[in-house]
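Colleague: As you go down the protein sequences, you meet chains A and B in turn.
The opening residue of the first sequence carries number 1 in the UniProt record's numbering; numbering runs sequentially from there.
The opening residue of the second sequence carries number 1 in the UniProt record's numbering; numbering runs sequentially from there.
Calculated directly from the structure, the hints in this document are not laboratory data.
Each hint can be trusted.
Cross-link-like lysine-lysine pairs, in silico, PhoX-like; alpha carbons within 25 Å at most: (1) B/K235 - A/K61; (2) A/K34 - B/K235; (3) B/K287 - B/K628.
Values in this document were obtained by computation on a predicted structure and should not be read as measured data.
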Amino acid sequence: MPHASTIRRWTAAALLAATALLTALATRGDAAPKRDAGYFTNLPLVTQDGEMVALYDDLIKDRIVVFNFIYTDCNDLCSFTTARMAQIADWLGDRVGRDIFLYSISLDPANDTPEKLRAFAAGFGIDTDAGWTFLTGDPADIDVIRFKLGERGDTKYDHRSDMLIGNDRLDFWRRTSVMGSLKVATQNILQMDPDWRAPIAPDMLTETGDRPATDFIISDRRGEAMFVKVCAACHTIGSGVKFGPDLAGVTLRRNPDWLLRYLQAPDVMLRDGDPTAVALNARYPAVKMPFMGLTETDAADLIFYLGQQFDGLDSALITPTAASHDHANHDHAFHDHSDVPQTAPHDHGKHDH
Amino acid sequence: MYLPFNASRRRQREAQNARNNRAEIVKALSTGEVSRRELMKWGIFTATGALANVNGLSPFATSAWAQEDTGVPLSPTFGVQPFTQPLKRLDLQTPETLTPIMRGGEIDVAFPAGTGELAGRRMSYHTDYLMSGRLMYGNATTGRGPLEGRPPGAYFAHQRWAEYLPQKGYVMSLVPTAPTWGFHPDLPVQEENKVWTFCKGHGTQATTKPPLIKIRYGEPVLFRHYNGLPEQESKNGGFGSHSQSTHNHNAHNASASDGASNAHFFPGQFYDYHWSTTLARADTINKTMTDRRASGPDGNGGLVHVKGDYRELQSSLWFHDHRFFYTAENVYKGHLGAINMYSGPDRGNEVLNDGVNKRLPSGSLLDWGNIDFDVNLVISDAGLDEEGQYFFDIFNTDGFLGDLMMVNFGYKPFMEVLPRKYRFRLLNACMSRFIRLQLRTALGDAVPMTLIATDGNLLPRPFSLNLLDTMGVAERFDIVVDFSSFAVGQRINMINLITHTSGRGPKGQVNYKVADNGRSGDPATGSLLQFRIVDSVESVDVPGVTHYASQPDPSQVPGRLTDQIPVVEPTRVRLIELRRGQENPIDPATGDCNPSCMRREIYPWSMRVNGDNLGGFNANHISALVPKPGEVEHWVLRNPSSGWDHPVHLHFEEGVTIDRGGKAMSKTEKLARKDVWRLGEAGEVRMQVRFGEYGGAYVSHCHNTVHEDSAMIMRFDILTDPNNPYSSRTHSAVMPTPNPTPEGVTYTTPELLPEGNPFDPGFQPFPVIPPLP
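Model the full structure from these sequences, guided by the hints.
Modeller: Here is the structure:
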């Protein structure tokens with residue numbers, strides 16, 4: 001922090017040309033300064049509860065941190081990445097708020113009031129007292145902050161979908177993808193803690209034979225990768241409501257043509273007052289079905305996959321643990337969602353694991 | 001990005017101060033020590049609350065002197081002038097001889113007694129570690145996980161191990177530099193962990209420039225790479241990951257030895273890469289090894305014949321880090337080296353005359369692999385902080401530009417040459433910078449260059465030119481320069497003409513005068529290397545021998561070096577776009593977009609195959625599947641964006657460049673065999689490729705490594721033919737994705753994207769290719 005004398009020097013220099021002001025200031029000499037407030041700044045941000053916080057001192061200092069950027073009007077990518085981050089937060093468990101802290105900073109601070117951020121977080125069942133904070137602030141400050149944190153898109157619409165992760169004490173910073181494997185992303189965050197050790201996994205694939213396990217023989221898995229990537233963050237098939245409806249049986253209860261259109265342009269159909277879209281939106285008011293940029297082929301593949309899963313679900317409807325095919329999410333089948341009332345968004349942040 | 005080098009001292013000081021003071025001002029503001037109102041009064045803030053466009057204050061401010069970015073301060077050079085240090089040749093490695101030993105049904109290869117190295121095995125020691133109940137073959141340095149980082153089991157066992165059994169072994173360690181290591185004798189030495197590069201054997205400190213490894217066809221190599229980096233991940237000098245993975249660019253190796261299948265390894269571990277020297281098409285062409293051109297030198301003037309197509313012989317390769325999400329930082333940090341591949345026609349001997357050898361400039365003291373007149377030039381850019389320490393901006397995702405040009409990791413050196421022909425193997429080893437090179441005498445006369453190879457592939461017919469094509473990152477040009485018309489004492493500069501203002505792509509090109517006089521706007525243009533004609537040079541092939549200008553030059557540049565692979569009808573075509581997600585969706589209600597479409601978020605960059613919209617690289621998803629070896633594919637690589645350019649790299653195989661979708665092509669590009677293509681802004685390249693011999697997971701990606709780290713990468717899997725007795729049966733199906741941790745590697749089942757999977761019922765072998773926008 002600058003001393004009062006520094007400020008006085010600024011005041012004096014400000015009487016001169018701005019350029020002279022700048023040259024009058026002292027130059028730091030250390031070769032590899034730690035990235036602290038000097039790099040990140042202590043610019044003020046406002047939390048979802050209206051509390052004012054300083055970027056470095058209050059949010060980063062001495063912590064393992066995860067940053068991403070959102071804005072609440074962005075019901076597409078931001079919902080999607082937030083839902084996926086909720087899964088990661090869930091897996092990190094009670095370390096969130098203890099030594100790991102998650103921050104979602106608004107790229108649309110003029111519009112995103114603390115109230116809006118609170119409602120957005122609530123839609124994903126995020127307990128904002130437990131170490132995941134949503135932040136807004138002065139647009140000029142946020143411009144500087146996002147630049148510092150590597151979010152340098154030309155417009156807010158092309159913001160990045162990765163997360164910045166770091167350990168301040170070690171001054172160690174890197175990125176991980178929220179679009180890729182969530183298991184790997186969770187592992188990357190835990191690796192910020194030098195004392196973390198990967199759990200000992202069962203020995204795999206040490207066979208010396210010349211045929212692979214039958215699991216990897218190619219079969220028609222059309223739509224599966226897409227379901228894992230774009231749907232599983234919010235929906236289950238036969239394991240109950242997550243943030244959106246359980247998709248078991250969706251290919252029976254909805255008209256195929258309607259499904260095809262809805263998967264491609266849910267926002268347009270909602271705006272145009274399609275009765276089913278409006279009813280779904282009323283039933284799950286906090287999380288809008290996002291536009292995912294699917295082509296007609298993509299949508300048809302997804303419908304094929306949803307139908308296939310339902311075919312195999314006769315027994316899973318009774319024993320729901322077998323339902324998930326989410327490879328990124330492996331061992332964490334959606335175990336305790338099946339008893340949730342079908343209409344209420346599920347409070348996802350409060351599980352004990 | 002950088003201030004021009006003729007920027008006034010005041011402006012440079014300002015930029016540095018701005019870098020520091022911006023932070024001070026906003027910090028003071030945020031802690032209430034100064035109010036926004038006060039800053040407004042001083043003219044530092046605008047009424048809308050933004051930092052004013054006062055030079056250097058706002059990261060978005062424009063300069064008071066020029067309408068461009070304020071820029072970051074120039075790297076200090078501490079008064080060091082260009083061309084004041086001799087060019088350091090790459091650090092030539094000498095291999096160990098390996099001996100086959102039988103162990104049950106396995107053949108191992110033993111290092112010489114006394115080296116203390118474990119024998120090379122087909123299957124990773126990770127397998128033995130697990131089978132011993134984690135009691136043996138552990139990582140002794142850290143006490144965590146297995147000794148070898150190569151994943152366990154059959155998927156990462158070396159393919160065709162016995163057939164291409166390693167005869168030579170290189171043991172090298174990637175380590176921090178010694179406290180004597182610098183970019184120039186008069187520039188500051190680099191602090192520990194600023195530069196990580198190679199040392200010989202199982203050492204702990206690097207003292208030399210990046211390595212050169214000479215390999216010949218018919219003599220397979222085991223490259224044992226120790227990771228000698230700090231165990232604590234944060235001890236990285238501000239950038240770089242201590243987990244590493246080595247890609248041999250662009251050799252014909254199995255997936256486990258390609259270094260890009262998400263199998264990185266950790267401090268204290270080694271990874272055995274099997275650099276097989278397989279000549280492509282070994283399973284389909286010249287299987288009986290009768291073609292003398294498909295061969296390597298035997299060391300006694302003769303040839304060792306190999307299977308495969310002589311038209312696919314390779315020459316100038318390199319190896320570098322390929323750790324996903326860290327490639328830019330790690331390569332910039334020094335994880336790179338050059339590989340010269342020697343063959344019957346490209347022997348590295350300019351005298352030997354057997355009808356196969358092309359006698360390209362090299363030397364003749366050794367039977368093969370002479371480098372007295374065959375010189376590797378690794379060109380890269382560097383940024384230094386105020387103290388002269390190596391600098392990288394890890395928060396810049398557009399592309400990183402350095403402002404100091406380096407050759408072989410030395411700042412602007414000179415090289416003494418005899419008045420005769422030389423071969424230069426040029427490599428653009430920058431992270432994001434494109435370069436375009438020219439040779440000029442002190443009087444400004446252009447010196448002609450004869451282009452003999454593109455990306456390590458000999459041209460059928462070499463030709464002369466005064467200005468090379470632009471080189472994207474990782475592109476290689478081999479040229480021959482004839483200095484014989486110059487007198488001792490004359491000097492010739494190698495000049496870069498391409499300017500950048502950001503890492504997104506090049507901005508333009510200037511003429512050589514502007515490039516050198518500081519008015520180009522980019523401090524990295526201009527002369528980067530100086531040749532000085534002298535009358536004698538010391539041999540590097542046989543130390544102690546001196547070569548004189550008076551000796552005859554027996555080297556040749558024949559009119560024909562190899563034969564063209566014809567372009568034929570493909571089995572399938574793939575459209576591979578480097579773009580963001582769908583940006584202009586069609587409204588399903590109206591079939592129309594404007595004005596009924598809503599504003600949509602723009603999905604992240606990726607490489608998208610046949611219209612796949614869900615990219616976002618994930619080592620676990622397979623964008624394209626090559627179902628069987630030998631089929632001809634045409635790939636259309638397309639960059640629909642203006643304002644960005646991408647040099648796209650294909651691993652494992654080279655392609656024949658066909659066209660640019662109606663746009664003009666240079667003579668260099670036409671039908672050239674390459675492995676990196678610059679797509680151009682709103683441009684595309686169509687090329688022909690054929691896969692074979694090996695299987696497993698490979699990648700294709702943008703070689704602007706900063707873009708690559710931002711997911712501009714796709715995984716493609718190649719399946720082997722289960723009926724081919726030579727190739728791996730394990731890899732006749734898709735392989736699982738390794739997930740490495742210091743404790744060991746586990747596997748995940750990959751996802752197959754249907755657009756790239758020929759087994760999918762909806763697969764389009766000939767997709768509709770819309771015209772470029």
